[in-house]
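Spelled out, the chains give:
There are 4 protein chains.
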Amino acid sequence: MNKARISVIVWNEFQHERENAAVRAIYPDGLHAVIAQALSETPGLNPGALPLDVGTATLDQPEHGLSEARLADCDVLVWWGHKAHASVSDDVVERVQRRVLEGMGLIVLHSGHFSKIFRRLLGTNCSLKWREADEKERIWVVEPSHPIAAGLPEYFELPFEEMYGERFDVPPPDETVFISWFEGGEVFRSGLCWQRGHGRIFYFRPGHEAYPSYHDPCVQRVLANAVQWAAPRVNLVDRCPMAAPLEKIAQKDVVFQRLGVVQTHKDLQ
Amino acid sequence: MNKARISVIVWNEFQHERENAAVRAIYPDGLHAVIAQALSETPGLNPGALPLDVGTATLDQPEHGLSEARLADCDVLVWWGHKAHASVSDDVVERVQRRVLEGMGLIVLHSGHFSKIFRRLLGTNCSLKWREADEKERIWVVEPSHPIAAGLPEYFELPFEEMYGERFDVPPPDETVFISWFEGGEVFRSGLCWQRGHGRIFYFRPGHEAYPSYHDPCVQRVLANAVQWAAPRVNLVDRCPMAAPLEKIAQKDVVFQRLGVVQTHKDLQ
Amino acid sequence: MNKARISVIVWNEFQHERENAAVRAIYPDGLHAVIAQALSETPGLNPGALPLDVGTATLDQPEHGLSEARLADCDVLVWWGHKAHASVSDDVVERVQRRVLEGMGLIVLHSGHFSKIFRRLLGTNCSLKWREADEKERIWVVEPSHPIAAGLPEYFELPFEEMYGERFDVPPPDETVFISWFEGGEVFRSGLCWQRGHGRIFYFRPGHEAYPSYHDPCVQRVLANAVQWAAPRVNLVDRCPMAAPLEKIAQKDVVFQRLGVVQTHKDLQ
Amino acid sequence: MNKARISVIVWNEFQHERENAAVRAIYPDGLHAVIAQALSETPGLNPGALPLDVGTATLDQPEHGLSEARLADCDVLVWWGHKAHASVSDDVVERVQRRVLEGMGLIVLHSGHFSKIFRRLLGTNCSLKWREADEKERIWVVEPSHPIAAGLPEYFELPFEEMYGERFDVPPPDETVFISWFEGGEVFRSGLCWQRGHGRIFYFRPGHEAYPSYHDPCVQRVLANAVQWAAPRVNLVDRCPMAAPLEKIAQKDVVFQRLGVVQTHKDLQ
Numbered sequence: 039m040n041k042a043r044i045s046v047i048v049w050n051e052f053q054h055e056r057e058n059a060a061v062r063a064i065y066p067d068g069l070h071a072v073i074a075q076a077l078s079e080t081p082g083l084n085p086g087a088l089p090l091d092v093g094t095a096t097l098d099q100p101e102h103g104l105s106e107a108r109l110a111d112c113d114v115l116v117w118w119g120h121k122a123h124a125s126v127s128d129d130v131v132e133r134v135q136r137r138v139l140e141g142m143g144l145i146v147l148h149s150g151h152f153s154k155i156f157r158r159l160l161g162t163n164c165s166l167k168w169r170e171a172d173e174k175e176r177i178w179v180v181e182p183s184h185p186i187a188a189g190l191p192e193y194f195e196l197p198f199e200e201m202y203g204e205r206f207d208v209p210p211p212d213e214t215v216f217i218s219w220f221e222g223g224e225v226f227r228s229g230l231c232w233q234r235g236h237g238r239i240f241y242f243r244p245g246h247e248a249y250p251s252y253h254d255p256c257v258q259r260v261l262a263n264a265v266q267w268a269a270p271r272v273n274l275v276d277r278c279p280m281a282a283p284l285e286k287i288a289q290k291d292v293v294f295q296r297l298g299v300v301q302t303h304k305d306l307q
Numbered sequence: 039m040n041k042a043r044i045s046v047i048v049w050n051e052f053q054h055e056r057e058n059a060a061v062r063a064i065y066p067d068g069l070h071a072v073i074a075q076a077l078s079e080t081p082g083l084n085p086g087a088l089p090l091d092v093g094t095a096t097l098d099q100p101e102h103g104l105s106e107a108r109l110a111d112c113d114v115l116v117w118w119g120h121k122a123h124a125s126v127s128d129d130v131v132e133r134v135q136r137r138v139l140e141g142m143g144l145i146v147l148h149s150g151h152f153s154k155i156f157r158r159l160l161g162t163n164c165s166l167k168w169r170e171a172d173e174k175e176r177i178w179v180v181e182p183s184h185p186i187a188a189g190l191p192e193y194f195e196l197p198f199e200e201m202y203g204e205r206f207d208v209p210p211p212d213e214t215v216f217i218s219w220f221e222g223g224e225v226f227r228s229g230l231c232w233q234r235g236h237g238r239i240f241y242f243r244p245g246h247e248a249y250p251s252y253h254d255p256c257v258q259r260v261l262a263n264a265v266q267w268a269a270p271r272v273n274l275v276d277r278c279p280m281a282a283p284l285e286k287i288a289q290k291d292v293v294f295q296r297l298g299v300v301q302t303h304k305d306l307q
Numbered sequence: 039m040n041k042a043r044i045s046v047i048v049w050n051e052f053q054h055e056r057e058n059a060a061v062r063a064i065y066p067d068g069l070h071a072v073i074a075q076a077l078s079e080t081p082g083l084n085p086g087a088l089p090l091d092v093g094t095a096t097l098d099q100p101e102h103g104l105s106e107a108r109l110a111d112c113d114v115l116v117w118w119g120h121k122a123h124a125s126v127s128d129d130v131v132e133r134v135q136r137r138v139l140e141g142m143g144l145i146v147l148h149s150g151h152f153s154k155i156f157r158r159l160l161g162t163n164c165s166l167k168w169r170e171a172d173e174k175e176r177i178w179v180v181e182p183s184h185p186i187a188a189g190l191p192e193y194f195e196l197p198f199e200e201m202y203g204e205r206f207d208v209p210p211p212d213e214t215v216f217i218s219w220f221e222g223g224e225v226f227r228s229g230l231c232w233q234r235g236h237g238r239i240f241y242f243r244p245g246h247e248a249y250p251s252y253h254d255p256c257v258q259r260v261l262a263n264a265v266q267w268a269a270p271r272v273n274l275v276d277r278c279p280m281a282a283p284l285e286k287i288a289q290k291d292v293v294f295q296r297l298g299v300v301q302t303h304k305d306l307q
Numbered sequence: 039m040n041k042a043r044i045s046v047i048v049w050n051e052f053q054h055e056r057e058n059a060a061v062r063a064i065y066p067d068g069l070h071a072v073i074a075q076a077l078s079e080t081p082g083l084n085p086g087a088l089p090l091d092v093g094t095a096t097l098d099q100p101e102h103g104l105s106e107a108r109l110a111d112c113d114v115l116v117w118w119g120h121k122a123h124a125s126v127s128d129d130v131v132e133r134v135q136r137r138v139l140e141g142m143g144l145i146v147l148h149s150g151h152f153s154k155i156f157r158r159l160l161g162t163n164c165s166l167k168w169r170e171a172d173e174k175e176r177i178w179v180v181e182p183s184h185p186i187a188a189g190l191p192e193y194f195e196l197p198f199e200e201m202y203g204e205r206f207d208v209p210p211p212d213e214t215v216f217i218s219w220f221e222g223g224e225v226f227r228s229g230l231c232w233q234r235g236h237g238r239i240f241y242f243r244p245g246h247e248a249y250p251s252y253h254d255p256c257v258q259r260v261l262a263n264a265v266q267w268a269a270p271r272v273n274l275v276d277r278c279p280m281a282a283p284l285e286k287i288a289q290k291d292v293v294f295q296r297l298g299v300v301q302t303h304k305d306l307q
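Residue numbers (my numbering), protein chains in the order written: chain A, 39 to 307; chain B, 39 to 307; chain C, 39 to 307; chain D, 39 to 307.
The set of hints was computed from the structure by calculation and includes no laboratory data. Being a predicted model, the structure only gives us computed values, none of them experimental. A few of these clues could be false.
Unchecked claim - DSS-like, lysine-lysine: derived pairs with alpha carbons at most 27 Å apart: (1) Lys286/B / Lys167/A; (2) Lys154/A / Lys154/B; (3) Lys41/A / Lys41/D; (4) Lys174/C / Lys286/D; (5) Lys167/B / Lys286/A; (6) Lys167/A / Lys121/A; (7) Lys167/D / Lys121/D; (8) Lys174/D / Lys167/B; (9) Lys286/D / Lys167/C; (10) Lys174/B / Lys290/A; (11) Lys154/D / Lys167/A; (12) Lys286/A / Lys174/D; (13) Lys41/B / Lys121/B; (14) Lys174/C / Lys121/C; (15) Lys286/A / Lys286/C; (16) Lys121/C / Lys154/C; (17) Lys167/C / Lys286/B; (18) Lys174/D / Lys174/B; (19) Lys167/C / Lys154/C; (20) Lys286/C / Lys167/B; (21) Lys167/D / Lys154/D; (22) Lys167/D / Lys286/A; (23) Lys286/A / Lys290/C; (24) Lys154/C / Lys154/D; (25) Lys174/A / Lys174/C; (26) Lys290/A / Lys286/B; (27) Lys286/B / Lys286/D; (28) Lys121/D / Lys174/D; (29) Lys167/A / Lys154/A; (30) Lys41/B / Lys41/C.
Claimed, not checked - Pair by pair, the computed Cβ-Cβ distance ranges are: (31) Ser127/B / Val275/A: 25 to 33 Å; (32) Glu101/D / Arg43/C: 50 to 58 Å; (33) Ala122/C / Ser127/D: 26 to 34 Å; (34) Ser105/C / Pro279/D: 32 to 40 Å; (35) Ala122/A / Arg43/C: 53 to 61 Å; (36) Glu106/C / Lys121/B: 57 to 65 Å; (37) Ala282/A / Cys278/D: 55 to 63 Å.
By construction, the Cβ of each residue, glycine as well, lies at the ideal position given by its N, Cα and C atoms.
Build out the structure end to end from the sequences listed, making use of the hints.
Shown next as structure tokens:
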């Protein structure tokens, strides 16, 4: 790859913002617009950070805005969905999965834990506990030297968030970057990394639509770091090729009659 | 669980044995029959090994022999398939996936790397290199203290096997127990462990239908050990419950001021 | 190994209990005595759980009670230390390390995070945050199907404990079984598993000497489960042997030409 | 850190080259000189790769060339040692360990598997099998999308190398990038990654002093990539601070008499 820029698509189902005035007050143009703007304006902190080209896509667009052509050029896809998971076309989900396995990064946000694409790539239920109670979330940085934690303090707080609690039914993560403390008494692994195929996946917990979490500078810092981290380093298609031997294979003294064998394996020894 | 016995089903698509005389010569009643007998007769070596009740199931049975009732009672499912992956019903695949996430063990053999159930649980292509050239496979034990390696020498050999080579497109395994050396020049991670939900998954490479690998005592030892390792320790269904707070949540008297939003949070809902 | 019983030594520096009346009131005979008794009386829950033979050892005994002979027969060593880490002999530390690498299990408790043996096996500082403020700890079970979590509810509480907070400077754990929530606002990875050599290591956070945590039934259940989990499956000494080739190595007739070096490789030696 | 350049020290015990004419013919100025030059001349392939400042250090220099001041400025240390591991001062080893835990990268080569610093950071014996028989090593890229594999083909060969075989007694690696196939019949995990503290460690197998492996372009590519990968992203010192509570801790109704407690825990409930 070694491209000079990273191409990002922020995908949003964009339903709550249209249906609920309170949500619209926080995200008038959709939370994808706030995330996209934040990504465009947040400078990279990691050594060698690349500039971003940021676009958006939404559920109601043709092919949900994720045509083959657009995905082919996408380096990192950010995904927010909640109430319309079932409306996402299986074809598009399969297309996104294929691109992740080829190397495209995927950042799944908050209620995206139940999205088709997240569950398909991870293979588990991705279930968790939840509660909406205007409570404080304190996000602890467990791996301060991880690229996704660059520039963050040892913890940061969101004064009002939906609670997500363990057990979070996901495969053992490759890396656990954040763990959340909730005022109401729960903990949650809030920042998790997996590799699948040649692509990197990051799940980040915050972002209930009824709270302004994507306006928070620390949340924006996490997203900007995660895009840099998830950007592809290769673009490979894994196939299942028949291979010729690299070394000479011995002529067997015992003839193994593959068409019409009568010996047992014991006979062969 | 803490059951006194482990209930095992050996599943086989059972096609090659019927269609190909050479394969039938090695596995007259199907390779599932050989595996099932071996499991029944191979004593457990790990401390606390439990006795097994072993049955079989095949593709052509109603519901492929994997009804809800049968799977509900199954502790470990062994899976061999090759040419008929596409014929396995999606409903049965989903049922098996659900049971693995609840805690049932799954042992996927050889060409089962491309089965629907393996790919669905792992989320990747599961592709690899391959060659049929009657070549020697030497299987090195990389983790001699792993329960699946109990009783094995530091390596064992299969004089004739199909070659599988890297890259094997699977998620990073939790544990790598075996790595194979092939006469023709390749290597392969031959024994891999993953946890998904509450279930344990083991992939074991050997077992091309045209070779008598499942008659090999070391292969049989691996399978017997793997069944003990994969047996469920719990039987849990993960849900996504709404939870009441365990701790008192502060009454917020501040308004939502962080964005210049003038409503209180309650107004937002 | 496949022994019929598990031999356990509970090691305690046994200083606070002698010097501090408040601690002595909770653990009159030392906290090792309470732990040893609990292990003896808590039945195993995991399938195939084995009975335990439990002994104790303390700092002031010759060789700290951990002679070569005693360690040779020990399957699982439980370690509690706090103020006297520096008094533990380097020879004994090396001996324990060697035994863990051969397969002996090691369970390190609470302030043992700073013990010589824990830091030597893990290679990191093992530092953390702390506070003594009589606060509530709620321990969440993140992996309910892990053997160490057998029989536990989804969380359990200790009404008064010392706080330990992240970042905990340990290597990425193989498995994270518990995460603690603290009343004062921190989180901590409270139950962590690592394999080193052929031995299994479990770190368990609770157990400040000034609180009766080792009298708690859930804590005792964790310790009993952890002993079963950590019990050795093999007893192997890794060496660095020179090996004869298994395959014939080609006679090289080419000279070492790659650098313009004119000698054959034999000349190089 | 976010420095504009990466400061590298290539450390070599530099003994064989002085004592053995055949080794000197391959590495007249020491293998550190060849590695340092290769690092200086091999352009970075990963997006955002930074230029390197490369120096060297050897055993016979004061403090082995690794003074506090020099290490403080070092981003990545490359280590080659074989026959003189025991001559490396414990003080310097501890200093290097401290720097790795703070974030400095460490690349350990070949026989460095038995160096004090590698064993101290990993905590295991780091033993393996070996043989000198002028045999071919084929190094398979198991993770083609890993930054350390950038620009490599799916495998590369060294026509003559010392054999290293499994079992390699190291902790479970965070990532396995390469696996070697040897002509004589063994396999070996040849490229392994670990994080310890805030530092990244990479072990790379090739490089016996009697073969010109460090002149090989693929080996040089691996080393150049590994330096970029291992470069620190932070420079943090982990401490063990006492922390003040972030949240108010409840006044306990039951007074827990820490100085003079008579209740048992049961009384408290």
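Check: Okay, which hints does this one fail, numbers in order?
Finding: Structure breaks hints 11, 13 and 26.
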